[in-house]
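Asks: Residue numbers (the working numbering), protein chains in the order written: chain F, 1 to 114; chain U, 1001 to 1114.
Computed spacing ranges between beta-carbons, pair by pair:
id : chain 1 : residue 1 : chain 2 : residue 2 : range
1  : U       : S1009     : F       : K70       : 35 to 41 Å
2  : F       : T18       : U       : K1066     : 44 to 50 Å
3  : U       : L1068     : F       : E61       : 34 to 40 Å
4  : U       : A1072     : F       : R109      : 36 to 42 Å
5  : F       : Q14       : U       : K1066     : 42 to 48 Å
6  : F       : N58       : U       : S1083     : 46 to 52 Å
7  : U       : T1112     : F       : E10       : 25 to 31 Å
8  : F       : Q14       : U       : E1063     : 44 to 50 Å
Since the hints were made in silico from the structure, they are not lab data. A virtual CB, placed ideally from N, CA and C, is assigned to each residue, including glycine.
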Amino acid sequence: AQTVTQSQPEMSVQEAETVTLSCTYDTSESDYYLFWYKQPPSRQMILVIRQEAYKQQNATENRFSVNFQKAAKSFSLKISDSQLGDAAMYFCAYRGSGTYKYIFGTGTRLKVLA
Amino acid sequence: GAVVSQHPSRVICKSGTSVKIECRSLDFQATTMFWYRQFPKKSLMLMATSNEGSKATYEQGVEKDKFLINHASLTLSTLTVTSAHPEDSSFYICSARTEPYEQYFGPGTRLTVT
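Start from the sequences and build out the full structure, keeping to the hints where you can.
Replies: This is the structure we're talking about:
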């Protein structure tokens, strides 16, 4: 069975600095999708970034980028120029090809210090 | 686009009563919707997959007779918590699938059983 592990329960970053959140996963599939979701205090889940496993190029969305290491089964999220509004829980999620189900990690709480 | 709503956002009910939570896809048709449960400071746990016009598929350990799911139309799925008990108090989140396999999440419903 697939698993998703986020080993950092909590991280802090100074405003305007860069922070990297870690995520590892375990799967025997070769084709799958990975996601980072943000859950602010409102509890609304917001898609931050997605990565298709067949793409070698790391996904980027403005200040958010990923470091996807398929062989190592690692999918970290880098947030550049951190802003106070980035403070939230961040969940890494896995979805296998051909399935609709997401498997979520346990989350990392990000604090942004002014 | 791809907006999902939930109603109510908060509900308090007495032990032994039933409560219904609605999940609507506002600007797209969703053949598949998902129901998650989230405990405080925890990850999302998939409860069931709801397919329009057919019976829901429940995850292992989820009581189908307690958590009744109905997906009557392409834009509406409902979760009814029957004979609620204080241990059912939680945050319930729905999501709706768009093509190809993306999920968009509702804002969640906080259920408190007294």
